[in-house]
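Residue strings, one per chain:
2 protein chains.
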Amino acid sequence: MASWTFETSLKWQGGERALESAPHRPDLNVSGPPEFGGPDGQWTPEHLMLASIEACLLMTAMYFITKGKIGLTSYESATKGILEKTANGLRYTSIQIGIRAVVAAEADRAALQKAVESAEKYCPMSAAVNVPLRVTVDAVVG
Amino acid sequence: MASWTFETSLKWQGGERALESAPHRPDLNVSGPPEFGGPDGQWTPEHLMLASIEACLLMTAMYFITKGKIGLTSYESATKGILEKTANGLRYTSIQIGIRAVVAAEADRAALQKAVESAEKYCPMSAAVNVPLRVTVDAVVG
Numbered sequence: 001m002a003s004w005t006f007e008t009s010l011k012w013q014g015g016e017r018a019l020e021s022a023p024h025r026p027d028l029n030v031s032g033p034p035e036f037g038g039p040d041g042q043w044t045p046e047h048l049m050l051a052s053i054e055a056c057l058l059m060t061a062m063y064f065i066t067k068g069k070i071g072l073t074s075y076e077s078a079t080k081g082i083l084e085k086t087a088n089g090l091r092y093t094s095i096q097i098g099i100r101a102v103v104a105a106e107a108d109r110a111a112l113q114k115a116v117e118s119a120e121k122y123c124p125m126s127a128a129v130n131v132p133l134r135v136t137v138d139a140v141v142g
Numbered sequence: 001m002a003s004w005t006f007e008t009s010l011k012w013q014g015g016e017r018a019l020e021s022a023p024h025r026p027d028l029n030v031s032g033p034p035e036f037g038g039p040d041g042q043w044t045p046e047h048l049m050l051a052s053i054e055a056c057l058l059m060t061a062m063y064f065i066t067k068g069k070i071g072l073t074s075y076e077s078a079t080k081g082i083l084e085k086t087a088n089g090l091r092y093t094s095i096q097i098g099i100r101a102v103v104a105a106e107a108d109r110a111a112l113q114k115a116v117e118s119a120e121k122y123c124p125m126s127a128a129v130n131v132p133l134r135v136t137v138d139a140v141v142g
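Note that the protein sequences, when read in sequence, are chains A and B. Heads up, the first sequence is in our numbering, so the first residue is 1 and it goes up one at a time. Heads up, the second sequence is in our numbering, so the first residue is 1 and it goes up one at a time.
None of these hints come from the bench; they were simulated from the model. Mixed in with the good hints, there may be bad ones.
Copies of the same chain look alike in the list, so a pair counts if it fits in one copy or across any two.
To be verified - Cross-link-like lysine-lysine pairs, in silico, BS3-like; alpha carbons within 30 Å at most: (1) K121 to K11; (2) K11 to K67; (3) K121 to K69; (4) K69 to K11; (5) K114 to K69; (6) K69 to K85; (7) K80 to K121; (8) K67 to K85; (9) K11 to K114; (10) K85 to K114; (11) K67 to K121; (12) K67 to K114; (13) K114 to K80.
The following block holds chain A by itself, in its conformation from the complex (with noise of 0.2 Å):
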């Protein structure tokens, strides 16, 4: 079975302080949220799960809007993760992914929509995470 290895590594700055790097990308400063106690201004757990979902989603979305030939002008997204105290902890308990598109023709508006639906079944960061994920696409002609 075809397989890649990803790696990351973390270094302790003291407190709720610490360097993450991978090979090849520049360092990140991260830390816990100022929410629970940490400095504010860096990325933060929190913060990376969410951005790595939708990055995913993006990217898989990429390959079906690729391959489908999909007019596709703009593309942003705005994500909002709830995280809940528990009787377990504190636990993610909803991601919401609101995406807004600019599509080149009416036709691509639900090319779109069925490229993004694709990507939520394909993206392997979303499929990892066994919290309720919530997408919606807003596309308009442009």
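Position chain B against the provided structure of chain A, taking the given hints into account.
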């Protein structure tokens, strides 16, 4: 029930590239990995997922380390995620996190091991994924 909302947003930059943003944080260039046709040198959804879990494990462990007054001198981790081609598409099938730490005294070694085990249980990001996770701790007194 207490809850917190975390937000990120994404702007497509053409091809397999995007800009990830989160309020108060520096923008982050992301792309698909070179393994799947993306450019090199940028954070990818695959790496962000590992970084999220690895950093969450540290942040959650820090809660138990502080509470237990464990003498921690240094803490690093190296994380590997195996992505495999399955019948349902690409999937992370295992994630391994290897922690190397230096502690102040012999008693801190077992205490750190316990703190990490608690972190594994309570870290919201490891709890959010359905991928088998293996965490090992190699702590020395220094």
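Please work out whether the CA atoms of K85 and K114 approach to 30 Å or closer within one copy, between two copies, in both situations, or in neither?
Between copies, since 22 Å is at most 30 Å while 35 Å is not.
Same-copy or cross-copy closeness of K11 to K67 [CA-CA at most 30 Å]
Answer is between: at 21 Å across copies they meet the 30 Å cutoff, but 41 Å inside does not.
Is it within, between, both or neither when you check K67 against K85 at 30 Å Cα-Cα?
between (42 Å within a copy, 19 Å between copies)
At most 30 Å between alpha carbons: which applies to K121 and K69, within, between, both or neither?
Only inside one copy: K121 and K69 sit 20 Å apart there, 45 Å across copies, limit 30 Å.
Status of K114 relative to K67 across identical chains (alpha carbons, at most 30 Å)
within (12 Å within a copy, 49 Å between copies)
Using 30 Å as the alpha-carbon threshold, which applies to K114 and K69: within, between, both, or neither?
within (13 Å within a copy, 53 Å between copies)
K69 and K85: within-copy, between-copy, both or neither at 30 Å Cα:
So K69 and K85 pass the 30 Å test across copies only (25 Å; inside, 44 Å).
Within, between, both or neither: K80, K121 at alpha-carbon 30 Å:
Both ways: K80 and K121 sit 19 Å apart in one copy and 24 Å across, limit 30 Å.
Status of K80 relative to K114 across identical chains (alpha carbons, at most 30 Å):
Intra 22 Å, inter 33 Å, cutoff 30 Å: intra-copy only.
Checking K11 and K114: alpha-carbon separation at most 30 Å within a copy, between copies, both or neither?
between (41 Å within a copy, 20 Å between copies)
Indicate which option fits the pair K67, K121 if close means a Cα-Cα distance not exceeding 30 Å: within, between, both or neither.
within (16 Å within a copy, 41 Å between copies)
From the Cα coordinates, with 30 Å as the cut-off, is the pair K69 and K11 best called within, between, both, or neither?
Only across copies: K69 and K11 sit 20 Å apart there, 43 Å inside one copy, limit 30 Å.
The earlier numbered hints are all upheld by this structure, with none contradicted.
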